[in-house]
Amino acid sequence: MYNQTEIIKDTTDLGPEGELVINMGPQHPATHGVLHLVVTLNGETIKKIEPHLGYIHRSIEKMCESLTYRQFIYVTSRMDYLSSHINNLGCALLIEKGMQIEVPERAKYIRVILSELTRIASHELWLGAMAMDLGAFTPFFYTFREREMITEIMEETCGARLTMNYIVPGGVMYDIHPNFQKKVKAFIKQFKEKVTEFEDLVTNNVIFQSRTKGIGILSAEDAISFGCTGPVARASGVRCDIRKLYPYDVYDKVEFDEVIETAGDSFARYIVRVKEMNQSIRIIEQLIDSIPEGDFVGKTKNVLKLPKGEFYTRVETARGEFGVFIVSEGGTNPYRIKFRSPGFSNLSALNHMAAGSKIGDLMATMGTLDLVIPDIDR
Amino acid sequence: MFSLEGITTAVQDWLFIKFNPTLALAIECVIVILLAITLFAGLGLVLVLMERKVAARIQIRLGPNRVGPGGMFQTVADTLKLIMKEGLTPDSADKFLFNLAPFIVMMVAMLLLAPIAFAKNFQIWDINIGVLYISAISSLSVIGILMAGWASNNKYSLLGAMRSGAQIVSYELSAGLAVLTIVVLTGSLQISEIIAAQQNGWWIFKGHIPAVIAFVIFIIAVTAETNRAPFDLAEAESELTAGFHTEYSGMKFALFFLAEYINIFIVCAIGATLFLGGWMPLHIGSWEAFNHIMDYIPSSVWFMGKTFFLIFVIMWFRWTFPRLRIDQLLNLEWKYLLPISLLNLLLVAVIAILGWHF
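First to last, the sequence lines map onto chains A and B.
Residue numbering for the first sequence follows the numbering used here, starting at 1 and increasing by one per position.
Residue numbering for the second sequence follows the numbering used here, starting at 379 and increasing by one per position.
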């Protein structure tokens, strides 16, 4: 209905007296957590956004230094709680790479299936929450209906619904539940039936499209320079899917497409995530019937010691590239650990994307960035 | 046949026999006031529960089902809680205006009850400029909202109030023009005459396509005027926390909350009266038997049925659509609804002059 450049022109260069500074957060319905945005407004138009972090900083990186290589994985579940499996997987992959631990095929299959289920669950939650940011409450309940099935699968197999600690160096902690395959297939069936509901309720809605198309545009160059990854960068046309570029576990054996959109606006980010859910379903379908028999965890020593040196791995979480960097002195716990969380880099682009638009657009932009605050603060 | 008309005439006759006319009128006033307040409280409770149940059905869940059978007393419990809560006034607020605002919003809603015909000959005040009165009074509620937003001394409240001001003032135009089409067709501003004109068919059927267009515009405009989703920008939860009533708590918040639901009832009642024949039963041309059966349904049931149907439609909107942005909202009004309703009014005038309506 309008293009953004027009609005930017409208941002009159009033002096400080024309400005209205509001604090969005740390307690605000739209920030989904304790993010604090200092928003400078000129009427309804945003002039500047300044994110203030640190409200949920738990010094996880420092904590990990005093934990052993087996223990520190569990802490990472509490960072990006919506993709805890994938965080765990990243850490496990690093230790396996550093110590040359052989992972059984069965464990690799299970890990990939669970990662993809996590990705779907995360995207489902994001879809509902984003629709709620735009004022539609109903999609939230529809997405949670499917998400609940995934959570139940996780509960049976991993023993937890949110912060799963299932992946260990060398494989997985237990074997999958006997119902696992049956339930995953039931989920796939229901998901395929119900995914059209979102199309009707959200994607094809005129108001939703006018609220998201052309809003919060991020060009490919900017996406790269801000370090954006995941669906945010892919919506701007940047190829950055770690599963394709640096396949880990059995991602090189399955067929799936890297979803790329070029518009770079909120609607493109929405579409990328919806299509990604379908790709995840495709991956699960290829693997679920062919989980090989055998051990679910490889042989490892009781006490893990990484050799002296620096190690880095990356995995693709639901939000983007999650990197683990460890400096080891050869002891039982890491000397220094650094996590590269996707949310932090994605948040840094917010000011660039939303300045010059309306308050309502900030919700559409922030909603499609899919921020998880404990992931940003750590 | 049961009718409210009989009760009102009996009471009036009895009063005027027993007392002198002045006293009888005074007693009548008191009765009407009490009835209005009771209706107010009752409607608030019913509508809040209805909204929650409708929302629950749309969102594949059950809704309130713990307090009383089927959650019937949930709103009673909520109201009790709100009454007992402390009504906080922020330190930096303009205390007088802050405390006055909820009452203004409430009073406007109450005043609007006067010209509504709840059943055959059951109306508080059949003023001869009924429609004009409704348009005039309903636009006053924006003063209460602006007052609340300004006096709270909160930036979110202020933004919400400003949005609300822009929105209500704009959509008042379309709503007014939609109402005018019916006035043109009827040739009267009096509510009772507008209803009487729909004896042999409701305006939405008799007025050809222009009446339908006017009805659709009316529904859109009143949804915006009552600050309901998808036009709930004044209290846009994800943007402005709660908009103009962010700082209100306890009973003062409850008054805003109640006024919102009473306003929905009133605009739907007006819509039902103007377009769907008010308490008039559904009559189809010369189907004598059918018309007689319809006449046996009490007029109050007809009125409430139509009103609650419209309320359901407005609730349906809320739980289906995302919210518009402020500039899209104003674009919709000034660039689409207003020109269309102006043209529509012209069309209706032609129809009325040439006598094309049935």
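It is worth saying that the hints were derived from the structure and are not from the lab.
Incorrect hints may have been included.
[To be verified] In silico lysine-lysine, DSS-like type, Cα no more than 30 Å apart, as pairs: (1) A:K97 <-> A:K305; (2) A:K338 <-> A:K305; (3) A:K62 <-> A:K338; (4) A:K213 <-> A:K185; (5) A:K192 <-> B:K431; (6) A:K253 <-> A:K108; (7) A:K108 <-> A:K185; (8) A:K213 <-> B:K473; (9) B:K431 <-> B:K459; (10) A:K62 <-> A:K305; (11) B:K459 <-> B:K584; (12) B:K459 <-> B:K473; (13) A:K301 <-> A:K338; (14) B:K713 <-> A:K47; (15) A:K305 <-> A:K48; (16) A:K213 <-> B:K533; (17) B:K459 <-> A:K194; (18) A:K253 <-> A:K62; (19) A:K108 <-> A:K213; (20) A:K48 <-> B:K533; (21) B:K533 <-> A:K47.
[Claimed, not checked] Computed Cβ-Cβ distance ranges for the label pairs, DEER-style: (22) A:R145 <-> B:N669: 45 to 51 Å; (23) B:W392 <-> A:V206: 55 to 61 Å; (24) B:R444 <-> A:Q27: 26 to 32 Å; (25) A:T203 <-> B:G628: 37 to 43 Å; (26) B:L401 <-> A:V206: 57 to 63 Å; (27) A:K305 <-> B:R444: 55 to 61 Å; (28) A:T203 <-> B:G384: 40 to 46 Å; (29) A:T203 <-> B:E464: 41 to 47 Å.
The beta carbon of each residue, even a glycine, is placed where N, CA and C say it ideally should be.
Kindly confirm whether 55 to 61 Å is satisfied by the beta carbon distance between K305 (chain A) and R444 (chain B). With Cβ atoms ~56 Å apart, the hint holds.
30 Å Cα cutoff - pair K108 (chain A), K213 (chain A): Roughly 39 Å between the alpha carbons, so the hint for K108 (chain A) and K213 (chain A) is violated.
Can you confirm whether the C-alpha distance between K213 (chain A) and K473 (chain B) stays at or below 30 Å? 43 Å, violated
Take a look at whether the Cβ-Cβ distance between L401 (chain B) and V206 (chain A) falls inside 57 to 63 Å. 60 Å, holds
Is it true that the CA of K253 (chain A) sits at most 30 Å from the CA of K62 (chain A)? 37 Å, violated
Is the straight-line distance between the alpha-carbon of K533 (chain B) and that of K47 (chain A) 30 Å or less? Holds: K533 (chain B) and K47 (chain A) sit about 16 Å apart, inside 30 Å.
Could one say that the CB atoms of R444 (chain B) and Q27 (chain A) fall in the range 26 to 32 Å? Hint holds: Cβ distance 28 Å, inside 26 to 32 Å.
Please test the hint of 55 to 61 Å on the beta carbon pair from W392 (chain B) and V206 (chain A). 58 Å, holds
With a cut-off of 30 Å on the C-alpha distance, tell me whether K108 (chain A) and K185 (chain A) pass. Measuring from Cα to Cα gives roughly 19 Å; hence the hint holds.
Taken at face value, is the distance from the CA of K459 (chain B) to the CA of K431 (chain B) at most 30 Å? Between K431 (chain B) and K459 (chain B) the Cα gap is close to 20 Å, so the pair holds against 30 Å.
Straight-line Cα separation of K459 (chain B) and K194 (chain A) no greater than 30 Å? It is violated: about 39 Å lies between the C-alpha atoms, which goes past 30 Å.
For a C-alpha distance cap of 30 Å, please report whether K305 (chain A) and K48 (chain A) respect it. 47 Å, violated
In the structure shown, a violation is registered for the earlier hints numbered 4, 8, 11, 15, 17, 18, 19, 28, in ascending order.
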